[in-house]
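Top to bottom, those sequences are chains A and B. With the first letter of the first sequence counted as 1, position 239 gets the number 238 in numbering that gives the first Met the number 0; the numbers rise by one all the way through. With the first letter of the second sequence counted as 1, position 46 gets the number 45 in numbering that gives the first Met the number 0; the numbers rise by one all the way through.
Bear in mind the hints are in silico, worked out from the structure with no lab data behind them. Warning: the hint list may mix true and false statements.
[As the list claims (entries may be wrong)] Chain B stretches covered by chain A per the calculated footprint, using a threshold of three residues with CB under 8 Å from any CB of chain A:
1) 202-214
2) 222-231
[What the hints assert, rightly or not] Listed below are several chain B residues computed to face chain A (Cβ distance under 7 Å; list not exhaustive):
3) E56
4) E128
5) V167
6) G171
7) R252
8) A253
9) L256
10) L271
11) P272
12) P283
13) G286
Even for Gly, the Cβ is constructed at its ideal location relative to N, Cα and C.
Here are the chains, one letter per residue:
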Amino acid sequence: MTQLRERTAVLEASGVCVDYGPRRRRVRAVDSVNLSVRPGEVLGLVGESGCGKSSLGRALVGLEPAAEGSVRFAGQAVTPLSRRRRPELLRPLQMVFQDPYGSLNPRRKVGELIADGVRLRNGSRAEAQSLPAELLERVGLAADAVNKYPHEFSGGQRQRIAIARTLAARPRCIVADEPISALDASAQAQVANLLLTLAKEDGVAMVFISHDLSVVRQIADRVAVMYLGGIVEIGPTDAVWADPTHPYTEALVSAIPRADGLGALPVDLPGDVPDPGSPPSGCRFHPRCPLAEDRCSTTVPLLTDLPPEYDRAAACLVRVPADS
Amino acid sequence: MTATRQTVPADQPAQTARLLEVENLTVSLPTRQGHCNAVDGVSFGIDRGAILGLAGESGSGKTMTAMAMLGLLPHGARTGGSIRLAGTELRTMSQRGLRNVRGRRIALISQDPATSLHPMLSVGTQLTEHMRHHLGLSKDAAHARAVELLTTVRIPNPEQALGHHPGVFSGGMRQRIAIASALACDPDVLLADEPTTALDVTVQAGILRLLDRLRRERGLAVLIITHDLGVLSAVADDVCVMYGGRIVERGRRAEVLGRPGHPYTRALLDALPHPETPDSALRPIPGSPPALGAIGDWCAFEPRCGLRIEACGQRRPLLNMLPGAPAAALRDAATTDASTTDASTTDVTSTSDHEAAATSEHEAACFVTAPAGAR
């Protein structure tokens with residue numbers, strides 16, 4: 000962890016906001032998020048659906064324009080995707096999508112799909128020929144898969160093909176948006192392990208977006224918990240898991256059913272994520288929060304660093320004293 | 000039916016009879032290589048007020064098992080064995096007969112609430128339509144019942160909600176509405192096919208609590224089909240693990256998940272992230288599940304199994320009691336009661352009595368961990 004701290008961040012977001020909808024009825028999906036990821040680090044981004052984690056992920060790679068704030072990748076500003084060719088410097092910033100059925104062109108062979116990544120960075124023709132088979136073996140598939148079509152593979156295998164395609168572009172940072180949510184339990188473990196290996200062995204910085212906190216727990220170095228567009232807690236995964244500061248993080252952790260056969264019903268968090276179009280005043284979590292006080296509905300809590308022994312930041316008026 | 004069920008309290012002994020009994024169910028689907036068994040000799044039973052979990056990866060035949068109960072199998076599918084709902088055979092029932100079972104006595108909630116509700120019809124229409132058809136309620140009575148149902152599943156402002164379209168609601172709310180719709184005709188059995196897979200953990204916790212409450216309050220028998228062993232650990236009484244269309248392990252929840260007997264169940268549990276032991280890496284199961292038609296008369300898990308012996312590739316293991324399984328005395332007494340009440344129906348054979356009693360114990364189909372004769 001300390002080693003990671005010393006290296007400079009490869010991807011940095013400061014004050015990123017993402018808006019949707021027409022000017023009159025603007026919905027702020029992501030609200031002033033600051034994040035940084037270092038080489039070889041896995042940052043988990045968790046939260047319920049509708050909390051803006053995917054919008055943030057898309058803004059990080061430039062698929063979604065940031066309404067305010069900026070994203071910098073290796074010192075270069077990440078510009079939104081336009082009709083022009085994407086700047087060459089942004090090529091090592093790649094994304095893996097949730098749905099391996101929708102993200103691979105069904106009419107092209109797997110080898111061609113992967114070779115795209117080589118062509119993208121102006122690799123040689125010989126490399127475009129040989130690399131796909133190599134990468135497929137790297138992700139645990141047979142090299143002869145290059146001549147097959149995506150439909151011949153299962154969901155887990157397709158996701159590995161999608162990762163192989165990403166690897167062909169020689170990424171330095173991968174934003175993986177729910178890469179394992181559509182897969183079976185055993186395939187989930189395979190893909191999660193593969194992504195973890197890429198980060199640890201190749202020093203790829205990874206943003207791992209998932210609603211499944213238990214998987215994030217297993218592979219992320221740091222975890223950021225999002226609620227209704229904002230980060231409510233961020234810190235080292237072990238510490239956040241063992242002793243969550245924010246009541247929302249606490250609710251998320253205790254809602255995970257354990258496969259221990261003891262028959263404990265997971266703890267229910269009443270209510271749904273409110274409409275981001277008209278977020279609650281003050282702390283956005285206060286209508287569902289068991290600890291809510293009067294001031295929570297009026298004062299907006301800021302993401303505040305906790306004392307060093309906690310090694311994290313959280314946004315809660317009750318749990319985080321203002322002077323710390 | 001509905002009226003009598005409501006007058007009898009759910010906890011009376013007569014109500015604990017095996018409500019749904021599936022015996023040696025086989026479903027074979029047409030493929031290019033001829034008919035292949037997608038479900039192969041599956042047997043289980045569910046009591047009133049009980050939750051049975053059916054676990055397995057995609058392609059293990061768990062959804063096909065549920066669909067066979069509703070007679071909603073793909074075109075050309077052939078079935079064998081028997082499915083009895085309170086003694087009535089469903090497998091050979093006509094489509095006309097099944098129409099009075101589906102939605103009325105056996106209800107289904109599916110994985111994706113976004114597609115199981117019609118997007119262009121109001122929630123009110125969707126909730127009242129089948130009530131009026133099955134129960135012959137008037138428009139007003141159906142409306143009143145719909146409000147009551149939405150209150151049961153904890154939808155805020157039920158009156159207002161009935162006028163809205165499904166698109167207005169979040170995923171968790173939609174799944175609650177789907178459950179309300181499934182409960183509308185006061186069914187005996189609820190088939191829940193991956194009911195929480197598409198939902199967030201916090202919402203999932205709410206749905207699981209709701210299912211648990213419904214089986215307590217209404218004596219609803221629930222079959223939960225899922226690949227998530229955590230979900231089963233939270234609510235299921237008994238767990239059956241399926242692989243390649245067969246049940247490879249079954250028993251009480253605590254037994255199956257706490258002391259898994261089949262190598263596949265063990266592997267499945269190992270592949271899960273364990274929150275309490277963070278440093279252990281995820282251990283994926285090597286290889287991939289067998290394709291339809293690739294399983295012969297041997298153990299379907301053999302190619303991926305670390306414990307395999309010669310016999311595994313030659314013969315098919317049958318469910319056997321695991322060595323050291325404690326005799327669940329209380330449960331046994333309950334099932335003996337149940338089988339004596341069932342004996343009045345002619346088609347209950349002595350073997351099914353044995354089977355019913357056996358499900359209360361911990362069994363696995365494996366030559367290595369549950370050798371024949373070990374008890």
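To see whether the hints hold, each was checked on the structure:
1. 202-214: Coverage by chain A holds here, the residue count being 7 at a Cβ distance below 8 Å.
2. 222-231: Satisfied; 6 residues make the cut.
3. E56: Nearest chain A Cβ about 4 Å off; hint holds.
4. E128: violated (26 Å)
5. V167: Since the shortest Cβ distance to chain A is 10 Å, the answer is violated.
6. G171: holds (6 Å)
7. R252: R252 (chain B) check passes; min Cβ-Cβ to chain A is 5 Å, inside 7 Å.
8. A253: Holds, about 4 Å.
9. L256: Since the shortest Cβ distance to chain A is 3 Å, the answer is holds.
10. L271: L271 (chain B) check passes; min Cβ-Cβ to chain A is 6 Å, inside 7 Å.
11. P272: holds (4 Å)
12. P283: This hint holds: P283 (chain B) lies near chain A, its Cβ roughly 4 Å from the closest one there, short of 7 Å.
13. G286: violated (9 Å)
In this structure, the earlier hints numbered 4, 5, 13 are contradicted, and the remaining ones agree with it.
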